[in-house]
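Undergrad: Build out the structure end to end from the sequences listed, making use of the hints.
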Amino acid sequence: MSGAWFSGHSPASRLLQGLVLCLWLGTALAQPVLRVSSQKQSLKILLEAAGELEQVPYPIEFASFAAAAPTAEALAAGAVDIGSLGDAPFVFAAAAGAPIKTVGVIKLKVTPTAVAMLVREDSPLRDAADLKGRRITTTRGSIGHFLALAALRSVGLHGADAQFIFLQPAESRSLLSNAQADVWSTWDPYTSMVQMEGGTRVLVSGEGLFAGHMLLVANDQAIRDKPQQIADFLRRLDRAYAWANQHLEAFAKIQAGYSGLPLEVHERSNRYSLPRRIAVGPAVVEDVQHTADLYREEGIIHKSFDAATYMDSSFNEVE
41 MSGAWFSGHS PASRLLQGLV LCLWLGTALA QPVLRVSSQK QSLKILLEAA
91 GELEQVPYPI EFASFAAAAP TAEALAAGAV DIGSLGDAPF VFAAAAGAPI
141 KTVGVIKLKV TPTAVAMLVR EDSPLRDAAD LKGRRITTTR GSIGHFLALA
191 ALRSVGLHGA DAQFIFLQPA ESRSLLSNAQ ADVWSTWDPY TSMVQMEGGT
241 RVLVSGEGLF AGHMLLVAND QAIRDKPQQI ADFLRRLDRA YAWANQHLEA
291 FAKIQAGYSG LPLEVHERSN RYSLPRRIAV GPAVVEDVQH TADLYREEGI
341 IHKSFDAATY MDSSFNEVE
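Quick note: to get my numbering, add 40 to the position in the sequence shown (first position is 1).
Keep in mind that the hints were calculated from the coordinates and are not lab data. Every clue listed holds true.
Below, simulated BS3-like cross-link-like pairs (lysine-lysine); rule was C-alpha separation at most 27 Å, straight line:
| # | residue 1 | residue 2 |
| --- | --- | --- |
| 1 | K80 | K147 |
| 2 | K293 | K80 |
| 3 | K293 | K147 |
TA: See below:
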């Protein structure tokens with residue numbers, strides 16, 4: 041029998057390929073859909089760029105939100121199965137009764153602008169002590185909110201000593217630009233974006249105040265019903281972040297193509313943050329507990345919060 045019969049262009053070869061594809065599609069369609077949420081499709085863009093959305097043995101549906109709070113709400117309502125949250129919005133949601141747990145963690149290097157409090161270049165404010173009585177705009181329950189509280193407490197002040205204006209990032213940015221707020225407490229890529237545009241400066245950096253953990257959070261029903269999909273998805277993210285860290289320029293170009301932001305914004309953010317997956321372990325529990333304690337002392341949450349009960353280490357396999 042000649043080798044040509046098995047060539048990629050032969051009828052038998054095409055039939056075999058078609059059968060394999062049909063079997064794979066049948067397997068994928070038989071699996072429950074994993075519904076994933078992240079800010080501005082960041083996880084989808086990452087996985088797609090790294091080739092990790094090819095031949096996934098189950099369907100994936102992606103949802104996109106502008107900030108963490110809507111992701112937390114979607115997780116709590118069961119509208120999505122897994123999503124990314126900072127530790128502050130995670131605590132905010134879990135303390136409000138959301139049936140969610142941390143199943144994975146991405147560790148980022150905390151750069152001067154990873155999370156930061158920004159002021160206009162001509163602002164008279166020089167350090168955290170100057171925040172007393174000032175108008176701080178941020179998103180309620182966000183990592184920006186947490187940073188503002190941590191900065192105030194670092195100089196003996198409390199949340200009540202400043203005036204908070206809770207808005208989504210785009211609205212907060214506008215308030216700062218129009219001098220309707222004195223400070224904007226936010227995170228990358230917004231921090232990198234406004235820094236490159238000029239006209240602002242960092243008043244307080246998250247260095248030393250923010251641990252750099254991005255939590256991968258699933259709702260309890262998904263953990264119970266879709267553990268195989270969650271485990272596989274976390275492994276894909278692990279590989280995707282490793283790919284992105286090895287292909288910084290290529291990944292930044294892909295991100296810029298989606299976001300419409302200047303390439304330099306993504307290059308700057310990626311170069312400094314170098315995210316990588318770590319296990320759900322004691323350091324993460326301690327960090328989340330610290331955030332919860334601060335929120336409780338500030339009256340943002342009212343019940344006691346045991347961070348360990350909101351952690352699931354059963355997905356800790358890291359490639």
